[in-house]
Amino acid sequence: MQLTNRKKLVVNKEMTFAERIYFPAILGGMRITLRHFFRKSTTIRYPEQKRELSSNYRGLHVLKRDEEGKERCTACGLCALSCPAEAITMISAERNPGDEHLYKEEKYASTYEINMLRCIFCGLCEEACPKEAIFLTKDELAISSMDRGDFIYGKDRLVEKEHHPDGKVRGGGPVNTRTYHG
Amino acid sequence: MFDFFIISKMILVVIVFAISLGIGAYSTYFERIFAAFFQDRVGPDRAGPMGILQPLADGVKLFTKEEILPTDANRFLFIAGPSLAMLTACMSSAVIPWGTYLQFDAGRVDLQVADVNIGLLYVFGVVSLGVYGVMIGGWSSNNKFSLLGAIRAASQNISYEIAMGLSIIALVMMSGSLSMRDITAQQAGMNWNIFYQPLGFLIFMICSFAETNRTPFDLPECEAELVGGYHTEYSSMKLGLYLFSEYINMFISSAIMATLYFGGYNMPFIDSIGLPHNIVAILGVLAFFAKILFFIFLFMWVRWTIPRFRYDQLMRLGWQILIPLAIVNIVLTGIGILSKDWIVSFFH
Numbered sequence: 004m005q006l007t008n009r010k011k012l013v014v015n016k017e018m019t020f021a022e023r024i025y026f027p028a029i030l031g032g033m034r035i036t037l038r039h040f041f042r043k044s045t046t047i048r049y050p051e052q053k054r055e056l057s058s059n060y061r062g063l064h065v066l067k068r069d070e071e072g073k074e075r076c077t078a079c080g081l082c083a084l085s086c087p088a089e090a091i092t093m094i095s096a097e098r099n100p101g102d103e104h105l106y107k108e109e110k111y112a113s114t115y116e117i118n119m120l121r122c123i124f125c126g127l128c129e130e131a132c133p134k135e136a137i138f139l140t141k142d143e144l145a146i147s148s149m150d151r152g153d154f155i156y157g158k159d160r161l162v163e164k165e166h167h168p169d170g171k172v173r174g175g176g177p178v179n180t181r182t183y184h185g
Numbered sequence: 058m059f060d061f062f063i064i065s066k067m068i069l070v071v072i073v074f075a076i077s078l079g080i081g082a083y084s085t086y087f088e089r090i091f092a093a094f095f096q097d098r099v100g101p102d103r104a105g106p107m108g109i110l111q112p113l114a115d116g117v118k119l120f121t122k123e124e125i126l127p128t129d130a131n132r133f134l135f136i137a138g139p140s141l142a143m144l145t146a147c148m149s150s151a152v153i154p155w156g157t158y159l160q161f162d163a164g165r166v167d168l169q170v171a172d173v174n175i176g177l178l179y180v181f182g183v184v185s186l187g188v189y190g191v192m193i194g195g196w197s198s199n200n201k202f203s204l205l206g207a208i209r210a211a212s213q214n215i216s217y218e219i220a221m222g223l224s225i226i227a228l229v230m231m232s233g234s235l236s237m238r239d240i241t242a243q244q245a246g247m248n249w250n251i252f253y254q255p256l257g258f259l260i261f262m263i264c265s266f267a268e269t270n271r272t273p274f275d276l277p278e279c280e281a282e283l284v285g286g287y288h289t290e291y292s293s294m295k296l297g298l299y300l301f302s303e304y305i306n307m308f309i310s311s312a313i314m315a316t317l318y319f320g321g322y323n324m325p326f327i328d329s330i331g332l333p334h335n336i337v338a339i340l341g342v343l344a345f346f347a348k349i350l351f352f353i354f355l356f357m358w359v360r361w362t363i364p365r366f367r368y369d370q371l372m373r374l375g376w377q378i379l380i381p382l383a384i385v386n387i388v389l390t391g392i393g394i395l396s397k398d399w400i401v402s403f404f405h
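Listed in order, the protein sequences are those of chains A and B. Its first residue numbered 4, the first sequence is counted upward by one per residue in the numbering used here. Its first residue numbered 58, the second sequence is counted upward by one per residue in the numbering used here.
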């Protein structure tokens, strides 16, 4: 009884003489490889050349500042809570009376660390942040190192650099960022 | 003691040895470059400009690795295996004619280390000795898989030696001499043996693929990747010697193929230009190396094109197909030689 319309009859044909002596097949194969020999290769030579990344690419993290240059992060801990790899840790502190130009609200993160070896770059911390403080940038990729301790990124490497009109640069972290509404 | 002959021969030995080691080392580099180009990628290009220093890096890596001697392995044989493989690989370069001769005021320098009158037989003797290197390595590793791999490698080697020898017999029938220099000298100009012995060349080429353990006959090597093989237990420079001897074997096989069938150092029209004799000799040497490099490229080209033979297919090819073909080749050559005058008389 016929079960389906799409059937193909498989025939186990005897090899012809030309197939049995292997030679025409070998020469045909060699012609194909020779054609590939003269073709341009598709290799991207990192780090001289870099791959084109999409606009949604999730790279290194950055803690952004607002328009007046104050840090937005308030150490609420939602990013650490949402992180599936438990890569974010922080210690909060209360803003001192003379530091209103540094931090936006009264609570700020005195220590904020992301363990890059645990981070899976999923972007859930970016989705969870209520202050639009943490973003995953597009242009920076995690660089390699020989020391395990180098992979714990502190605030000096995470907070966005701020360029003053008088040439002073405050803070650390990657410069090229993708905004949330970009 | 400081005879011109002895000094010139010693210098020639050192030069030939250095060239074969150098070409063996850079064959590893070119193997990787060609493999990459055939596969639409770039090869090693980080060590030095365009990766030229890659063989040096590989050599340093092999030297600095740990030497492991398996327990209960026969110590002397374990070290002797790769040494024997390397020895037989380098020994066969002694009878290959690299050029005609150079004429100096002090005397004449033949560009061949040893012009033995049984040169071809010497080459086959040394090739047969090469089987020992593989067998000893597999046996002395004290490892069942190594032994099985070595047995397969040895059986492949000796099976294809027979067809190789038979294909050479037809060539010797035509040339009348076993000396490599005589065979090359008879191919002066464009009178190359490939035009008289195409089937013989085909059989010889297939057999030299099998003798040097190159794809499609690289069952000993693939077993090294898959299960075992004769160089499983080897590390550091002993492994390096095994791998290196394979590339030197490839170079020597290419040289012999070029000498026997493609005229060696002969190029057409080279004598009629009227250059001084030494320059003509040097040009012959360069032409010879061009042919050798083409054959090495052919070895690599075939390697990255076709898959390897199964063991029973390999044995069937060696015994049931190549040996009868070689015998047919001998019969045809004999008929050709005997009826040569009769055929030529038709064209007059």
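In case anyone wonders, no lab produced these hints; they're calculated from the structure. None of the values given here were measured: they were computed from a predicted structure. Heads up, some of the hints might be wrong.
Straight-line distance between alpha carbons at most 20 Å, and here's what the computed DMTMM-like set of lysine to aspartate or glutamate pairs gives [to be verified]:
#, chain 1, residue 1, chain 2, residue 2
1, A, Lys134, A, Glu70
2, A, Lys53, B, Asp97
3, A, Lys43, B, Glu88
4, A, Lys107, A, Asp150
5, A, Lys107, A, Glu51
6, A, Lys43, B, Glu124
7, A, Lys53, B, Glu88
8, A, Lys73, A, Glu89
9, A, Lys158, A, Glu89
10, A, Lys107, A, Asp153
11, A, Lys43, B, Asp102
Chain A is faced by these chain B residues, among others (derived, beta-carbon under 7 Å) [as the list claims (entries may be wrong)]:
#, residue
12, Phe95
13, Asp97
14, Val99
15, Tyr299
Backbone N, C-alpha and C define an ideal beta-carbon position, used for all residues, glycine too.
Results for each hint:
1. A:Lys134 - A:Glu70: holds (13 Å)
2. A:Lys53 - B:Asp97: holds (18 Å)
3. A:Lys43 - B:Glu88: Status holds; Cα separation ~18 Å.
4. A:Lys107 - A:Asp150: Violated, because 35 Å separates the two Cα atoms, which is more than 20 Å.
5. A:Lys107 - A:Glu51: Since the Cα atoms of A:Lys107 and A:Glu51 sit roughly 40 Å apart, the hinted pair is violated (cutoff 20 Å).
6. A:Lys43 - B:Glu124: violated (41 Å)
7. A:Lys53 - B:Glu88: With Cα atoms ~27 Å apart, A:Lys53 and B:Glu88 exceed 20 Å; violated.
8. A:Lys73 - A:Glu89: Distance of about 27 Å is beyond 20 Å: violated.
9. A:Lys158 - A:Glu89: holds (17 Å)
10. A:Lys107 - A:Asp153: Between A:Lys107 and A:Asp153 the Cα gap is close to 29 Å, so the pair fails against 20 Å, i.e. violated.
11. A:Lys43 - B:Asp102: holds (16 Å)
12. Phe95: Holds. Min distance 5 Å.
13. Asp97: holds (5 Å)
14. Val99: holds (5 Å)
15. Tyr299: violated (27 Å)
Figure legend: structure checked against the earlier numbered hints; hints not met, in rising order: 4, 5, 6, 7, 8, 10 and 15.
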